[in-house]
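Since the structure of chain Z is provided, determine the placement of chain R on it from the hints.
Line by line, the protein sequences give chains Z and R. Everything in the first sequence is counted per the numbering used here, starting at 1 for the first residue and increasing by one. Everything in the second sequence is counted per the numbering used here, starting at 1 for the first residue and increasing by one.
Note that these hints are calculated values from the structure, not bench results. Hints may be right or wrong, so weigh each one.
As the list claims (entries may be wrong) - The calculated lysine to aspartate or glutamate pairs, modelled on DMTMM-like cross-linking and capped at a C-alpha distance of 25 Å, are:
#	chain 1	residue 1	chain 2	residue 2
1	R	Lys-8	R	Glu-219
2	Z	Lys-2	R	Asp-321
3	R	Lys-8	Z	Asp-266
4	R	Lys-135	Z	Asp-266
5	R	Lys-8	Z	Glu-114
6	R	Lys-165	Z	Asp-266
7	R	Lys-135	Z	Glu-114
8	Z	Lys-2	Z	Asp-266
9	R	Lys-135	R	Glu-53
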Amino acid sequence: MKSFWQRFLGNPRVMVGLGWVALVVLVSLFADILAPRDPFAIVGTPFLKPGSEFLLGTDSLGRDIFSGLLHGARTTLLIAIVSTLVAVAFGTLVGAVAGYYGGLIDDVLMRTTEFFQTIPSFLFAIVLIAILSPSVANMVTAIAVVSWPPITRVVRAEVLSVKSREFVQAAVVAGQRDSAILLTQVLPNTLSPLIVTGSLLIATAILIESALSFLGLGAPNQMSWGFMIGAGRSFLRDAWWLVTIPGVAILLTVLSINLVGEGLNDALNPRLTDL
Amino acid sequence: MGGSALGKYLIRRLLQVVPVVLGVVVLNFLLLQLAPGDLATVLAGEAGGAPKEYIDQLRQRFGQDQPVLIQLFNYLRNLLMLDLGYSFRQSAPVLDLLMQRLGATLLLMGATLFVSLGLGVLMGLLAALWVRTWKDHVISVAAIIFYATPLFWIGLMLILVFSIKLGWFPTSGMEDVVAFNEGFARVVDIAHHLVLPTITLSMFYLALYARLMRASMLEQRGLDYVAMARAKGLTERQITTRHVFRNALLPVVTMAGIQFGSLLGGSVVVESVFAWPGLGQLAYQSLFARDFNLLLGIFFLSACLVVVVNLVVDIIYVLLDPRIRIG
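Next comes chain Z alone, as it looks inside the complex (with noise of 0.2 Å):
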């Protein structure tokens, strides 16, 4: 049997998926440093094509697209990151009490969650944004409210086949609180499916990112790849490489997310991986 790292490293389409996300957190780490001008400044002549003056073109008001790459992919990525975390946080909170109580705390708490996933998600991002005004913080609030159903779901049914088991009845009864047993003893054991669900949630929320973006609602004076499509989209027909350049980026920072999520799950899931 192969370790965890082998499988998982040793899988071609991971280390693909990694090389082109570790490029991306890079670059959002050093956008300042790669690219100093503001996003928004006017550098040059407008609809300059790529490969000129400027490596990427410029767009129809003149500002660097390459420049406007680095910071769309810091903004987008943080964003993604920061709902996720939180999506992952609330989520593992409902789905870990309403699994280790269970009864009428269960009934409630499921019952909401099942709620949260039969409205249509993605329309009740658009009404948050739009009747809380369009910000970072609502944004990530946004994205976060429609993602963490899932989560809860994952986590409860760990926290169900786990809070059975003699190491936990053990902390029972040795006179644990119910908080501590829930921290120490179940939930670490439920982080190897919260780790796949989380990491391809990542993916789910950049998507939904660039889609709020694209239509006008993302947060106002910050670069995104959404933002940028949606200002080219008028000048399809003229300067393509407005709309396609951001758009290769999100597909594939989203696809190699994808690739080391699944890459993940079939580490940590070894007996799926005939399937």
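Frame of chain Z, contents of chain R only:
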């Protein structure tokens, strides 16, 4: 399964719908409370300012001077009577606006469900039959890529290639309004306009269903009843079409029901890209007009649609799978 058992199941399942719809109504109400400024201040602001007495008078007229719970009760009562409020931007009752747009959205949804489920199931089936060959890999890789593609971007790319460069399809709208087509010519025209939006919206779900179908086929193929069928002397073809395929379809049908809500969300983006005159485009327009009555009306109607579709899927499921005991 007796007819009465199915009837009882239907009634029980219908009752489960009630809390969800009520939940959406309460959620809508809470969101309206969250919105900055109430209707009275908005109207007064639009009129270029108004004295405080006039605003109070407006509030009284809309019942906004009453306690929140009473307001919620009034809101509920109005909704039960299908009064979704009035859109002051479009100067029309919200319900009328929704009904004008519902048809276009349902057409797009129907076409998308048909294409994504049909092709998705077919692709998944083929990938499973050709498992671990190059054809399987091609299908799987294509599915992974479609699964990661933003809807709005694929829509714009399709317009770029098939409308602008090749000129095969119109860039936007649902029909050529100046052509005044009638009868069959109009149907053809609408179908022509429908192609690109449907492909755009289908891509993601096609990929999802293909991947699910493939996994489901492979899982079913390893089960005991397949070995039994083989021992009985059935050919592989019979096993696949009569047994494995039917069982493998069930999770895909469930998923299609679950995904209907997200499909409606996707239609907002796709309709705004293609100027498709449906609910999604209406939502997009109401966003920037800050027309919350209309926006929340669309949200309410969409949630009701999702509930109805899930109900239908559950019923189909019971009819498809006799193992599900009802009652």
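Hint check results:
1. R/Lys-8 <-> R/Glu-219: violated, 33 Å
2. Z/Lys-2 <-> R/Asp-321: Measuring from Cα to Cα gives roughly 40 Å; hence the hint is violated.
3. R/Lys-8 <-> Z/Asp-266: violated, 43 Å
4. R/Lys-135 <-> Z/Asp-266: holds, 22 Å
5. R/Lys-8 <-> Z/Glu-114: Holds - the C-alpha atoms of Z/Glu-114 and R/Lys-8 are around 23 Å apart, at most 25 Å.
6. R/Lys-165 <-> Z/Asp-266: This hinted pair is violated, its Cα atoms lying about 42 Å apart.
7. R/Lys-135 <-> Z/Glu-114: Since the Cα atoms of R/Lys-135 and Z/Glu-114 sit roughly 38 Å apart, the hinted pair is violated (cutoff 25 Å).
8. Z/Lys-2 <-> Z/Asp-266: The hint holds at about 12 Å.
9. R/Lys-135 <-> R/Glu-53: violated, 74 Å
The earlier numbered hints that this structure contradicts are 1, 2, 3, 6, 7 and 9.
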